[in-house]
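Construct the complete structure from the given sequences, taking the supplied hints into account.
For the sequence shown, counting from 1, position 64 maps to 64 in our numbering; every step adds exactly one.
Hints in this document: simulated from the structure, not taken from any laboratory. Misleading hints may appear alongside valid ones.
For lysine to any residue, the following SDA-like pairs were computed, each having C-alpha atoms within a straight-line distance of at most 25 Å [as the list claims (entries may be wrong)]:
1) LYS115 x MET1
2) LYS115 x VAL23
3) LYS115 x GLY41
4) LYS115 x ASP53
5) LYS115 x ALA100
6) LYS115 x TRP8
7) LYS115 x GLY43
8) LYS115 x HIS18
9) LYS115 x GLU22
10) LYS115 x GLU47
11) LYS115 x PRO86
12) LYS115 x GLY14
13) LYS115 x GLU55
14) LYS115 x GLU38
15) LYS115 x ALA44
16) LYS115 x TYR40
17) LYS115 x HIS67
18) LYS115 x GLY20
19) LYS115 x ARG33
20) LYS115 x ASN48
21) LYS115 x ASP64
22) LYS115 x GLN9
23) LYS115 x LEU98
24) LYS115 x CYS12
25) LYS115 x THR15
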Amino acid sequence: MRVFYGDWQMECCGTPFHVGDEVGWRLVTVDERDPQGEYYGAGAWVENHGGPDRETTGRVRGIDLVHQEFLARHDPRAVEPPAAPPGEVVFMATGRDLEAVPGGHTLEPVDGCPKWFDAFEDEEQPPRSVPFRVRRAVGVLVTLDVPDDPGHPDDPARP
1 MRVFYGDWQM ECCGTPFHVG DEVGWRLVTV DERDPQGEYY GAGAWVENHG
51 GPDRETTGRV RGIDLVHQEF LARHDPRAVE PPAAPPGEVV FMATGRDLEA
101 VPGGHTLEPV DGCPKWFDAF EDEEQPPRSV PFRVRRAVGV LVTLDVPDDP
151 GHPDDPARP
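Set out below in structure tokens:
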């Protein structure tokens, strides 16, 4: 079974794991009609914030770090922060809107899942045209050996 574990799910509430580890995760079946979902060929994804009550237990057989390329649209108005009275801190948005490039992902085999993912691995440096391209790790694609998976060789229902 292939499972997508999103970077934000791991960074928020996940525990890093390695190839060979036994894990228990709440899995949600991928709905191919979900316009918001990009699961990189996985049949399920990890949900650490609710989701199913039942955990699926399995052994990690492989991990691929997923790198996605994005088009970034920078709002030039966000370059200069607004004026603030002395001693006050002003927070402002980065003005960055990321749009995933269709088919713009690569997989990198790794031995373990990191706890923290780099925000931007590769970014076109100024001066740059708008939109510009950025590449970042967005999660991991895990090959999970689940004994009660109908595709598992030990499943009695398998022909």
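Results of checking the hints against the structure:
A C-alpha spacing of about 22 Å is found between LYS115 and MET1, which places the hinted pair at or below 25 Å, so the restraint holds. At roughly 15 Å between alpha-carbon atoms, LYS115 and VAL23 fall within 25 Å of each other, so this suggested pair holds. Of the supplied pair hints, the one linking LYS115 and GLY41 holds, its CA atoms being roughly 22 Å apart against a limit of 25 Å. Restraint check for LYS115 and ASP53: the C-alpha separation of about 24 Å stays at or below 25 Å, so the hint holds.
About 23 Å separates the Cα atoms of LYS115 and ALA100, which keeps this hinted pair within 25 Å; it holds. Taken as a hint, the LYS115 and TRP8 pair is honoured in the structure, with Cα atoms around 10 Å apart against an allowance of 25 Å. For a cut-off of 25 Å, the pair hint linking LYS115 to GLY43 stands: about 23 Å separates their Cα positions. At most 25 Å may separate the alpha-carbon atoms for a hinted pair to count; LYS115 and HIS18 meet this at roughly 11 Å.
About 17 Å separates the Cα atoms of LYS115 and GLU22, which keeps this hinted pair within 25 Å; it holds. Proximity of LYS115 to GLU47 is assessed by CA-CA distance (about 16 Å); at most 25 Å being required, the pair is judged to hold. In summary, the hint linking LYS115 to PRO86 is not supported, as the alpha carbons are separated by about 38 Å, beyond the 25 Å threshold. Pair hint LYS115 plus GLY14 holds up; C-alpha atoms about 7 Å apart against a cutoff of 25 Å.
The straight-line distance between the Cα atoms of LYS115 and GLU55 is roughly 20 Å, inside the 25 Å bound, and the hint therefore holds. In summary, the hint linking LYS115 to GLU38 is supported, as the alpha carbons are separated by about 20 Å, within the 25 Å threshold. For the hint linking LYS115 to ALA44, the alpha-carbon distance of about 20 Å falls within 25 Å, and the restraint holds. At roughly 20 Å between alpha-carbon atoms, LYS115 and TYR40 fall within 25 Å of each other, so this suggested pair holds.
Between the alpha carbons of LYS115 and HIS67 the distance comes to roughly 15 Å, so the proposed pair stays at or under 25 Å and holds. Of the supplied pair hints, the one linking LYS115 and GLY20 holds, its CA atoms being roughly 17 Å apart against a limit of 25 Å. Only pairs whose Cα atoms come within 25 Å are accepted, and LYS115 paired with ARG33 is rejected, the gap being roughly 30 Å. About 14 Å separates the Cα atoms of LYS115 and ASN48, which keeps this hinted pair within 25 Å; it holds.
Distance check on the hinted pair: LYS115 and ASP64 sit about 14 Å apart at the alpha-carbon level, within 25 Å; holds. Simply put, LYS115 and GLN9 have alpha-carbon atoms about 10 Å apart, close enough for the 25 Å limit, and the pair holds. Proposed proximity of LYS115 and LEU98 is supported: the alpha carbons are some 23 Å apart, at most 25 Å. Only pairs whose Cα atoms come within 25 Å are accepted, and LYS115 paired with CYS12 is accepted, the gap being roughly 9 Å.
Taken as a hint, the LYS115 and THR15 pair is honoured in the structure, with Cα atoms around 7 Å apart against an allowance of 25 Å.
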